[in-house]
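One line per chain: the protein sequences are A and B, in this order. Here the first sequence stands for residues 1 to 251, where the numbers follow my numbering. Here the second sequence stands for residues 1 to 318, where the numbers follow my numbering.
Keep in mind that a hint or two might mislead.
Stated by the list, open to error - Taking lysine to aspartate or glutamate and the EDC-like style, the derived pairs with C-alpha atoms no more than 20 angstroms apart in a straight line are:
#	chain 1	residue 1	chain 2	residue 2
1	A	Lys17	A	Glu78
2	B	Lys30	B	Glu222
3	B	Lys190	B	Asp207
4	B	Lys139	A	Glu78
5	B	Lys250	B	Glu206
6	A	Lys249	B	Asp79
7	B	Lys30	B	Asp79
8	B	Lys139	B	Asp124
9	A	Lys249	B	Asp210
10	B	Lys145	A	Glu75
11	B	Lys243	B	Glu282
12	A	Lys249	B	Asp21
13	B	Lys190	B	Glu277
14	B	Lys190	B	Asp210
15	B	Lys145	A	Glu78
16	B	Lys243	B	Glu277
17	B	Lys139	A	Glu217
18	A	Lys17	B	Glu97
19	B	Lys145	B	Asp131
20	B	Lys139	B	Glu97
21	A	Lys17	B	Asp162
22	B	Lys190	B	Asp7
23	B	Lys190	B	Asp174
24	B	Lys250	B	Glu277
25	A	Lys17	A	Glu226
26	B	Lys190	B	Asp162
27	B	Lys145	B	Glu91
Treat the hints as calculated values from the structure; they're not laboratory data. Since the model is a prediction, treat every value here as computed from it, not as a measurement.
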Amino acid sequence: MIGVIAWATCREALRSKSFILLLVIYAVAVLLSRLVGWVSSTDGHIVTTDLVFSLQSVIGVLVAVATGTALVHTEIHERTLYTVLSRPLPRWQFVVGKFVGLCLALAAGQAAMLAIGLAYLAVTGASVHGWLVLAGALTALEVLVMAAVSLCWTAMSSPLLAAVLGLATYALGHAVATLPSLMHHLQGWKADLATALASLIPNLGQFAYRSVAVHREPLALAGIGEALVYGALWIVLLVTITVGIFRRKQL
Amino acid sequence: MNAPAGDIVAFANVSFTYRGDWLQRIHALKRVDLRVPAGSSFGYLGANGAGKSTSIKLTVGLLHGHDGDIRLFGQPLGDHRLRRRIGYLPEQPYFYENLQVGEYLAYLGRLSGLSTAELPAACDRVYQLLDLGDLRARKLGSFSKGMRQRFGLAQAIVHRPDLLILDEPFSGLDPLWRARFREVLALERKRGATLFFSTHILSDVEDLCDHYAVIDHGVVLEQGRLADLMGQAPLMLTGAGAKPAGAEAKDDGTWSLHFPESERAQRLAAVHAAGGEIQRLERQRIALEDWFVARVRASHTAGKALAGSAAAGKGGES
C-alpha cells in the first residue's frame with residue numbers, strides 16, 4: 001500500500017504547476033549565474049559552479065518546504081484524504097507513503113536540476129567531474145531531510161507557520177554546523193546545554209560538500225557515509241514523530 | 001463478499017465530543033443508538049449540523065475517540081481491514097487535481113484491495129454505470145461539481161463493497177444524474193450491498209429507503225422501518241348512503257371519512273351497521289417533509305419546555 005500511495009503522490013507532485021515552475025526558475029537562474037561569474041574577480045568558472053550548486057540546494061529546499069508543508073495539510077483541508085483513509089489502510093502507511101512519494105518527486109527534481117546544472121557547466125567550459133555529482137547527491141539528501149522537517153512541522157501547525165518554521169530550521173541547521181567554532185569560549189554546563197540544544201536540530205552542514213567539490217578538493221568517503229546515515233536517521237525520526245501526531249488527528 | 005445477517009452498522013450509546021475554538025467542547029453526538037440492518041437501504045435524516053457526517057466519519061475511521069460501542073459487520077471498530085468492505089462517498093468530495101480519472105480509480109481500487117488483474121474489469125464496470133469511459137484520460141482538476149460527484153460514486157463502488165456509505169450523495173447533481181444515481185444505487189442494492197446514506201432531501205428517502213433514522217443536535221430522535229412510518233398515515237374511507245358521524249359530504253352524493261389505523265375495524269363496522277356503502281378505503285400519503293419538520297420542531301419544543309421547567313424548579317428552590 002505504501003508503494004501505491006507513493007506512486008500516486010509522486011505523479012501528482014511532478015505534474016503540479018508549482019513544481020514545474022520552480023524547475024523553470026532554477027534553469028533561468030542557472031543561465032544568469034554566468035553573469036555573476038563574468039563580473040567576479042576570482043575564477044569565473046568556480047563562482048558559476050558554486051552558484052549552480054547553491055541554487056540546487058536553495059530551490060530544492062524551497063520546493064521541499066512548499067510541498068512538504070502542503071502534503072498532509074492540503075489533504076485535510078481539501079478533504080482529498082477522506083476517500084483514501086476510509087479504505088483498509090492504517091494511517092502510518094498513508095503518512096509514510098505520502099512521504100516516500102514526495103521523496104521520489106523531489107529526487108526526480110534534484111536529478112533534473114543536477115543534470116541541467118552539469119550540462120550548463122560543461123557547455124560553458126567549466127570543469128565537470130565525479131565529485132560534483134556526489135556533492136549534488138548529498139544536496140538531494142539535504143533536501144529530503146528538509147522535506148521530513150516540513151512534514152513534521154505541518155503535522156503540528158498550519159502550513160504557513162510550518163513553512164516559516166521549516167525555513168528557520170534550514171537556517172539554524174546550517175548555523176549548527178558552525179557551532180563548534182563559536183562554542184570554544186563556553187565551558188561546563190553552558191557548553192553542554194548548547195550542544196544539547198544543537199542536537200535537536202539537524203546539522204545540515206553534514207551534507208554541505210558543495211564547496212569542497214567545486215574546489216576539487218578530495219571528499220572523505222567516511223564523512224559521506226556518515227552523512228548518509230545521519231540523514232537517514234533524521235528522516236526516520238521526523239517521519240515517526242509525524243506518524244505519531246497524525247494517528248491521533250481528527251479528520 | 002456477502003454481507004452477514006444482522007446489523008451492518010450498530011451504534012450503542014455512542015457519544016462524541018470534539019474541541020471547537022479554544023477550550024469550547026462541542027457535543028456532536030449524544031448517546032446515539034443506531035442500527036443499520038443488513039441489506040437495507042437506510043436513510044439518515046437530519047438538518048445541517050445535526051450529527052450525520054460525524055456519525056459517518058466515526059464509522060469509516062476518519063474520527064475516533066468516541067464513548068460507547070460502534071460495530072461494523074458485527075465487529076468492533078479498530079481493525080482497518082474491515083474497511084475493505086466499505087465504499088464511502090464523502091459530502092462534496094474533492095480529489096487530486098493532477099491525476100487522471102483512470103489513474104485515480106485504479107489507485108483507489110488498489111487501496112481497497114483489488115489486485116492489478118481485477119482492476120480493469122472493476123473499472124470498466126463503473127465506467128459504464130456512470131458514463132466515465134470517455135473521461136478516463138481527463139484530469140479531475142477540470143471536473144465540474146456534478147462530474148466530481150459521479151467520480152465520487154464510481155470510486156465508492158469500484159470494489160463492490162458490502163456497505164455503501166454515502167454522505168449527501170445527490171448534492172450537485174442535475175435531475176438526469178439524480179435519476180441515474182438512483183438506478184445505480186438500486187443496482188448496487190440488488191447486488192447485495194447495504195446502503196447507508198445521509199441526506200436532508202426527503203424525497204430521496206421516500207424513493208430509495210426502507211429504513212430511516214432522524215438525528216437532531218446529536219440525538220437520534222427516531223428510527224425504524226419507513227413502511228411503519230408510512231403505515232401511521234391516516235386512512236380515508238369513501239362511501240355512499242348513510243353518512244357516519246364526522247364524514248364530509250361531497251357534491252356527487254358520496255362522503256369521505258378520515259381516521260387513524262387503530263380505528264379501522266370500529267369505523268368500518270359502524271358504516272356497515274348504519275347501512276352505508278363502502279366504495280374505497282385508502283391510506284393517505286404522509287408528506288415526509290412536513291412530518292420531518294414537525295418531528296424536529298416537537299423535539300425542540302420539548303427540549304425548551306424541559307429546560308424551562310428545570311429553570312423554574314431551580315428558581316423555586318432558591
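These are the hints, each one checked on the structure:
Between the alpha carbons of lysine 17 of chain A and glutamate 78 of chain A the distance comes to roughly 18 angstroms, so the proposed pair stays at or under 20 angstroms and holds. Of the pairs offered as hints, the one joining lysine 30 of chain B and glutamate 222 of chain B holds, with about 14 angstroms between alpha carbons and a cut-off of 20 angstroms not exceeded. Under the criterion of a C-alpha separation no larger than 20 angstroms, the hint pairing lysine 190 of chain B with aspartate 207 of chain B is consistent with the structure, at around 15 angstroms. The suggested pairing of lysine 139 of chain B with glutamate 78 of chain A holds, with an alpha-carbon distance near 17 angstroms, which does not exceed 20 angstroms.
The suggested pairing of lysine 250 of chain B with glutamate 206 of chain B is violated, with an alpha-carbon distance near 31 angstroms, which exceeds 20 angstroms. Of the pairs offered as hints, the one joining lysine 249 of chain A and aspartate 79 of chain B holds, with about 17 angstroms between alpha carbons and a cut-off of 20 angstroms not exceeded. Taken as a hint, the lysine 30 of chain B and aspartate 79 of chain B pair is broken in the structure, with Cα atoms around 24 angstroms apart against an allowance of 20 angstroms. Distance hint between lysine 139 of chain B and aspartate 124 of chain B is fulfilled; the C-alpha atoms sit about 18 angstroms from each other, no more than 20 angstroms.
For the hint linking lysine 249 of chain A to aspartate 210 of chain B, the alpha-carbon distance of about 35 angstroms lies beyond 20 angstroms, and the restraint is violated. Restraint check for lysine 145 of chain B and glutamate 75 of chain A: satisfied, since their Cα atoms lie roughly 18 angstroms apart, inside the 20 angstroms limit. Between lysine 243 of chain B and glutamate 282 of chain B, the direct Cα distance comes to roughly 18 angstroms. Compliance with the 20 angstroms bound is thereby established for this hinted pair. Of the pairs offered as hints, the one joining lysine 249 of chain A and aspartate 21 of chain B holds, with about 16 angstroms between alpha carbons and a cut-off of 20 angstroms not exceeded.
With a C-alpha separation of about 43 angstroms, the suggested pairing of lysine 190 of chain B with glutamate 277 of chain B is violated against the 20 angstroms cut-off. For a cut-off of 20 angstroms, the pair hint linking lysine 190 of chain B to aspartate 210 of chain B stands: about 14 angstroms separates their Cα positions. A hinted pair counts as satisfied when its Cα atoms are at most 20 angstroms apart, and lysine 145 of chain B with glutamate 78 of chain A qualifies at roughly 14 angstroms. For the proposed pair lysine 243 of chain B and glutamate 277 of chain B, the alpha carbon gap of about 9 angstroms is at most 20 angstroms, so the pair holds.
For the given pair, lysine 139 of chain B sits about 49 angstroms from glutamate 217 of chain A by alpha-carbon distance, which is inconsistent with the 20 angstroms threshold. A threshold of 20 angstroms between alpha carbons decides the hint, and for lysine 17 of chain A with glutamate 97 of chain B the separation of about 11 angstroms falls inside it, so the pair holds. Only pairs whose Cα atoms come within 20 angstroms are accepted, and lysine 145 of chain B paired with aspartate 131 of chain B is accepted, the gap being roughly 15 angstroms. Distance hint between lysine 139 of chain B and glutamate 97 of chain B is fulfilled; the C-alpha atoms sit about 6 angstroms from each other, no more than 20 angstroms.
As the CA atoms of lysine 17 of chain A and aspartate 162 of chain B are separated by approximately 39 angstroms, the hinted pair breaks the 20 angstroms bound. For the suggested pair lysine 190 of chain B and aspartate 7 of chain B, the alpha carbons sit about 18 angstroms apart, so the restraint of at most 20 angstroms is met. As the CA atoms of lysine 190 of chain B and aspartate 174 of chain B are separated by approximately 24 angstroms, the hinted pair breaks the 20 angstroms bound. A distance of roughly 15 angstroms separates the Cα atoms of lysine 250 of chain B and glutamate 277 of chain B; the hinted pair therefore holds under the 20 angstroms criterion.
The straight-line distance between the Cα atoms of lysine 17 of chain A and glutamate 226 of chain A is roughly 36 angstroms, outside the 20 angstroms bound, and the hint therefore fails. Taking the CA atoms of lysine 190 of chain B and aspartate 162 of chain B, the gap is about 11 angstroms. The hint holds against a cut of 20 angstroms. Simply put, lysine 145 of chain B and glutamate 91 of chain B have alpha-carbon atoms about 11 angstroms apart, close enough for the 20 angstroms limit, and the pair holds.
Comparing the model with each numbered hint stated earlier shows that hints 5, 7, 9, 13, 17, 21, 23, 25 do not hold.
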